[in-house]
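S.K.: Each protein sequence line maps, in turn, to chains A and B.
Residues in the first sequence are numbered consecutively from 1, following our numbering.
Residues in the second sequence are numbered consecutively from 1001, following our numbering.
Simulated from the structure, these hints should not be mistaken for laboratory data.
No false leads were mixed into what you were given.
Once the Cα atoms are required to be at most 30 Å apart in a straight line, the calculated DSSO-like pairs of lysine-lysine come out as:
1) Lys1294/B - Lys1156/B
2) Lys1101/B - Lys1299/B
3) Lys1299/B - Lys1250/B
4) Lys1104/B - Lys1368/B
5) Lys1023/B - Lys163/A
6) Lys1294/B - Lys1248/B
7) Lys94/A - Lys1023/B
8) Lys366/A - Lys1210/B
9) Lys1313/B - Lys1101/B
10) Lys1104/B - Lys1313/B
11) Lys1250/B - Lys1359/B
12) Lys163/A - Lys1382/B
13) Lys1153/B - Lys38/A
14) Lys1299/B - Lys1153/B
15) Lys1313/B - Lys1299/B
16) Lys38/A - Lys1156/B
17) Lys1210/B - Lys38/A
18) Lys163/A - Lys1052/B
19) Lys1023/B - Lys1052/B
20) Lys1299/B - Lys1248/B
Okay, the calculated beta carbon distance ranges per label pair:
21) Asn90/A - Pro1181/B: 52 to 60 Å
22) Lys1066/B - Arg46/A: 40 to 48 Å
23) Arg46/A - Phe1295/B: 29 to 37 Å
24) Ala75/A - Lys1066/B: 46 to 54 Å
25) Pro89/A - Thr1021/B: 22 to 30 Å
26) Phe83/A - Ala1229/B: 51 to 59 Å
Taking beta-carbon pairs under 10 Å as the criterion, some of the chain B residues facing chain A (in silico):
27) Ser1025
28) Leu1026
29) Met1028
30) Asp1137
31) Val1138
32) Ala1140
33) Arg1215
34) Val1393
Every residue, glycine too, gets a C-beta built ideally from N, C-alpha and C.
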Amino acid sequence: MVEFYQALPLVVQGLLKGLAVILVIFPIAAACSMAERKVSAWIQGRPGPNRALPPFLAWVPGIWMLQRLGLFQLAADGAKFVFKEEPLPNHVNKLYFVLAPVIAMVPAFTTVTVVPFGAYLDPSGRVVPLVLANVDVGILAVFAVASLGIYALILAGWASNSKYPFLGGVRASAQLISYELSMTLSVLPVFLWINEPGSAGTLSLSKVVEFQSGTSGWAGAWFVFTMPVSALIFAIALFAETNRAPFDMPESESDLVGGFHTEYGAFKWSLFFVAEYANMIVGSAVFSLLFLGGWNLLPWFPLASLLGVLHHLTGWALWLYPITAAVVSIGIFLGKILFTLFVFMWVRWTVPRFRYDQVMRIGWQKLLPLSIANLIAYTIGIYFLQS
Amino acid sequence: MPTEFAFKDAAAKNAQGEFETEKMSLSMGPSHPSTHGVLRLQLELDGEIVTKADPVIGYLHRGDEKIAENMTYNQFVPYTDRLDYLAPLANNMAYAIAVEKLAKLEVPARCQAIRVITAEMARISAHLLGLGAFGIDVGAWTVFLYSFTEREKLYKLFEELTGARFTTSYTRIGGVARDVPEGWTGRVLEFCDQFLPRLEECLALLTRNKIFIDRTEGIGVISKEDAVAYGLTGPNLRASGVALDLRKDKPYSGYEQYDFDVAVGSRGDAYDRYLVRGEEMRQSVRIIRQAVAKFPAGKWYAEDARKIFAPPKDKVLTSMEELIQNFMIVTEGPQMPAGEVYFEAENPKGALGFYVVSKGGGVPWRLKIRAPSFCNLSILPKVCVGAMISDVVSILGSLDFVMGECDR
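Next comes chain A alone, as it looks inside the complex (with noise of 0.2 Å):
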């Protein structure tokens, strides 16, 4: 199998790539929506979506649960967009218009690739990463990628001439400028100190999990625990690059209507939507290499001490196949990302929201100080226990 693939053309890999990127996220990215109604239903204490059932499965039996778990929303809604009119208004510049859902789309699913999802232990026992493309530059890749996002804001809020999708976009554009800064700042500790003086340096994503990936002293601690700050700094800012409350500025529904995709309407709207899910994943993801350890279990207790736990308390030889591996980190670090992402929805729904000048104002005068007062400290910090 593995060699039928790698025999192929690298174009045609790569076209299986993408495709196996927008196979896995769209799903995921559905299922988020479907997660974000339930969550918020949970919290405010009412059932959500749990009424739709196609009649033509009522017969199965336990198919009730499905159906509580809007399942079966979820595909109605999805047809939905697909299938309800889409509408152009006039006023509207219509190339920007419809190209913008599309620019949306992109730094999503670019992103994915770069962002290991699990690894496999190879037959001398190292740790080999899962990735689509394992760039050296990783976290540079994603930060220049992910950025570029913020275009498709600025140009729906500009195409759809119309007054509050255009404050939408300059809000957009503000805020998300703003906080890059301080989201880039708020990493670099992280890569200073996998970075031995001396060696090749790296800014890979999979090096900083194999930095977690130690059984004791500084190099099985996650860094969320030795770089709460940086950990803090970044969540923060996580938050406002994906527009999410109470950093929804670019949206704020409240007071401007719907932001930037006022004017949008159908599946073009729901591309934002996805999008903005994607990015949520990316992010989360990306939060949990750097910071909670990706696919290890416990701090001090990472993936290839799991499965020789494992393979030594129930004494199979399945725990030792690299499928194995593959399939336990993927869910570990499914499971870290389902995490994140709930606390994005959780806090959602629990806070208000800023007001512009407010998130400008944190932005600028508490983050980025902050940060670059991190950074200092942990240059200084890392030099004297590197040397």
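Following the hints, put chain B in place on chain A, whose structure we already have.
M.R.: Showing chain B alone in chain A's frame:
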């Protein structure tokens, strides 16, 4: 000012290093998520700062005052439901008391107690919605759902009492439509007992929330003088530090027998208005408990007002005199003496006033409604200037208006 005309055009002005910025006009409403109905604000913006705000009202105008001149007094009761449609029971009561004052009619103590209980329940229901909608305006959705859960319980009680959940039309001139059902007051007490902890839970989501305080503190400050000068009433006036509550100052319907405090704010900002509403709900619960505790026996309508209140149905069907009486009241309307009267009641949104002019007979010659929301909104052009767009939303939410009442 001659300096204003020193530059002929924008290019020349820019050459001198001065920015020529253009103001943007933004129409907020009539269909906008935060204008609570059909208020329209014509905003003039400098960036996100509001430099001018012009409320445009009248999108929900139905001519209620004119309609009142074409129907009997009792037929107008359903129209009062639709003034402040979040507290129909309180409107019903205010209207009924106004007309009863015209007829110099005293209703029995039981009727007064029923009206007080229902009006205070309506106040809780209206303030809960105001609180929830304010929460949505500043982005806290969950508060809205929490408060709606409580409103639902109130609506169940309203339905049991009046047969309708929303537009209750419960009062009649000279009484109420029917007596309270068996055990209803007990269920009201049960509601009160479980409501207070739920209310605290609801308020706890906002009161000490840093983001909420940032969004509301110092926003939309209305000074004491301004509040009086613009004719603000109700919680909005009290939040500015004026302890005016018609239930205390000009008691009606037996409010003088109940012991309660008037919540007064100190700064008059959006946060104070929120706090005042929260406290008023607690006080309403106090009033309801007292009213239920000394719930008087007796008739729920003025029995001796034979030309005003229609007799009970069983008597209408069995007795000739009552049949004629019922026939006259239904066809001609409750017979009022000539005269005019003005009465104001402390409604959830403020002082709801009815000015009734009668030339005798069953139909008002003129009926003028003083709507608190209308007066409260008049201060918008003043408080919105200098605020940001998001602040306008906070201000609107904190003023807690209802367009049904404002436009009439």
